[in-house]
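Work out the full structure, taking the sequences as your base and the hints as a guide.
For the record, the sequence lines run as chains U and C.
Residue numbers 177 to 290, in the numbering used here, belong to the letters of the first sequence in order.
Residue numbers 221 to 335, in the numbering used here, belong to the letters of the second sequence in order.
Treat the hints loosely; a few may be bogus.
Unchecked claim - Under the rule of at most 20 Å between Cα atoms (straight-line distance), these lysine to any residue pairs were calculated in the SDA-like manner:
hint, chain 1, residue 1, chain 2, residue 2
1, U, K277, C, G236
2, U, K277, C, G292
3, U, K245, C, K234
4, U, K277, U, Q221
5, C, K277, U, K245
6, U, K277, C, E276
7, U, K277, C, L275
8, U, K277, C, E264
9, U, K277, C, Q274
10, U, K244, U, Q218
11, U, K277, C, K231
12, U, K277, C, V334
13, U, K277, C, K277
14, U, K277, C, L316
15, C, K277, U, T273
16, C, K277, U, K244
17, U, K277, C, K234
18, U, K277, C, L281
19, C, K234, C, Y322
20, C, K231, U, Q218
21, U, K277, C, E288
22, U, K277, C, F317
23, C, K277, U, K254
24, C, K234, C, L316
25, C, K277, U, Q221
26, U, K254, U, Q178
27, U, K289, U, L196
28, U, K277, C, D244
29, C, K234, C, D283
30, C, K277, U, Q178
The hints are simulated quantities; they were obtained by calculation from the structure and are not laboratory data.
All values derive from a computational prediction rather than experimental measurement.
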Amino acid sequence: AQSVTQLGSHVSVSEGALVLLRCNYSSSVPPYLFWYVQYPNQGLQLLLKYTSAATLVKGITGFEPEFKKSETSFHLTKPSAHMSDAAEYFCAVSDRTNAGKSTFGDGTTLTVKP
Amino acid sequence: DTGVSQDPRHKITKRGQNVTFRCDPISEHNRLYWYRQTLGQGPEFLTYFQNEAQLEKSRLLSDRFSAERPKGSFSTLEIQRTEQGDSAMYLCASSLFLDSNYGYTFGSGTRLTVV
Chain U
177 AQSVTQLGSH VSVSEGALVL LRCNYSSSVP PYLFWYVQYP NQGLQLLLKY TSAATLVKGI
237 TGFEPEFKKS ETSFHLTKPS AHMSDAAEYF CAVSDRTNAG KSTFGDGTTL TVKP
Chain C
221 DTGVSQDPRH KITKRGQNVT FRCDPISEHN RLYWYRQTLG QGPEFLTYFQ NEAQLEKSRL
281 LSDRFSAERP KGSFSTLEIQ RTEQGDSAMY LCASSLFLDS NYGYTFGSGT RLTVV
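Below, the structure is given as structure tokens:
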């Protein structure tokens, strides 16, 4: 069984400030972890992924993961926010027993203030 | 690679009517997934196909829902006798079988409003 909890449904930062979006997960087997971004009226785009082989695969746009196995956390960070980062972000978990199905968190809406 | 296409983008229907959505995955992708997303929530798994075979259906998929992928290419999702609770964004995603655990490519979704 898997679950994902995104802490904070809304996060607001100023342009240029650090972005930290929080995600905690649970999985009974080594997980595959993902962050997706969704812009209004669009589907989800894969932002980055972390495999259970501990291989970090970076995505796009300067975001990086903060993975702590002991805390079962998979936060998303970016050193300096840009106006174009405003969107909804979803954390997701899968594993090798799930045929690729993912369990998603409820999302965090990021607002970037000028 | 033209991405995953979904049609229509928006659908407004009266309660009790039937609706059908179409998804065209990336051509070489043999796995296709349907998810439903309601306001304020993340996507929830509905069903998936490997080639033309429907391998799993969620308990969310009531008897009024049916999905097909007749030739292992495009897929359709039909909802019969729509209810207001069916109002949601229906998302399609695809991947290669061997890459399924490494994330999907999603379509832009079909937003269904039942009035």
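Tested hints:
1. With a CA separation close to 30 Å, the supplied pair K277/U and G236/C exceeds the 20 Å bound.
2. Under the criterion of a C-alpha separation no larger than 20 Å, the hint pairing K277/U with G292/C is consistent with the structure, at around 18 Å.
3. A distance of roughly 48 Å separates the Cα atoms of K245/U and K234/C; the hinted pair therefore is violated under the 20 Å criterion.
4. Straight-line distance between C-alpha atoms of K277/U and Q221/U comes to about 16 Å, which keeps the hinted pair within the 20 Å bound.
5. Restraint check: the Cα-Cα separation between K277/C and K245/U comes to about 31 Å, which exceeds 20 Å; the hinted pair is violated.
6. Distance restraint check for K277/U and E276/C: the Cα-Cα separation of roughly 10 Å lies within the 20 Å cut-off, and the hinted pair is therefore satisfied.
7. Using a Cα cut-off of 20 Å, the hinted pair K277/U and L275/C holds, with the two alpha carbons roughly 11 Å apart.
8. For the given pair, K277/U sits about 10 Å from E264/C by alpha-carbon distance, which is consistent with the 20 Å threshold.
9. Restraint check: the Cα-Cα separation between K277/U and Q274/C comes to about 13 Å, which is no more than 20 Å; the hinted pair holds.
10. Restraint check for K244/U and Q218/U: not satisfied, since their Cα atoms lie roughly 30 Å apart, outside the 20 Å limit.
11. Proposed proximity of K277/U and K231/C is contradicted: the alpha carbons are some 26 Å apart, above 20 Å.
12. Restraint check for K277/U and V334/C: not satisfied, since their Cα atoms lie roughly 27 Å apart, outside the 20 Å limit.
13. Our distance criterion of 20 Å between C-alpha atoms is met by K277/U and K277/C, whose separation comes to about 11 Å.
14. Restraint check for K277/U and L316/C: the C-alpha separation of about 13 Å stays at or below 20 Å, so the hint holds.
15. Straight-line distance between C-alpha atoms of K277/C and T273/U comes to about 16 Å, which keeps the hinted pair within the 20 Å bound.
16. Our distance criterion of 20 Å between C-alpha atoms is broken by K277/C and K244/U, whose separation comes to about 33 Å.
17. The hinted pair formed by K277/U and K234/C fails the criterion: a straight-line CA distance of about 31 Å is larger than 20 Å.
18. Pair hint K277/U plus L281/C holds up; C-alpha atoms about 15 Å apart against a cutoff of 20 Å.
19. This hinted pair does not check out: K234/C and Y322/C have alpha carbons roughly 39 Å apart, beyond 20 Å.
20. Straight-line distance between C-alpha atoms of K231/C and Q218/U comes to about 15 Å, which keeps the hinted pair within the 20 Å bound.
21. For the given pair, K277/U sits about 18 Å from E288/C by alpha-carbon distance, which is consistent with the 20 Å threshold.
22. Proposed proximity of K277/U and F317/C is supported: the alpha carbons are some 12 Å apart, at most 20 Å.
23. A distance of roughly 37 Å separates the Cα atoms of K277/C and K254/U; the hinted pair therefore is violated under the 20 Å criterion.
24. Using a Cα cut-off of 20 Å, the hinted pair K234/C and L316/C is violated, with the two alpha carbons roughly 37 Å apart.
25. For the hint pairing K277/C with Q221/U, the CA-to-CA distance comes to about 24 Å; that exceeds 20 Å, so the pair is violated.
26. At most 20 Å may separate the alpha-carbon atoms for a hinted pair to count; K254/U and Q178/U exceed this at roughly 26 Å.
27. Pair hint K289/U plus L196/U holds up; C-alpha atoms about 15 Å apart against a cutoff of 20 Å.
28. With a C-alpha separation of about 19 Å, the suggested pairing of K277/U with D244/C holds against the 20 Å cut-off.
29. Proximity of K234/C to D283/C is assessed by CA-CA distance (about 19 Å); at most 20 Å being required, the pair is judged to hold.
30. Distance restraint check for K277/C and Q178/U: the Cα-Cα separation of roughly 17 Å lies within the 20 Å cut-off, and the hinted pair is therefore satisfied.
Hint violations for this structure: numbers 1, 3, 5, 10, 11, 12, 16, 17, 19, 23, 24, 25 and 26, all remaining hints satisfied.
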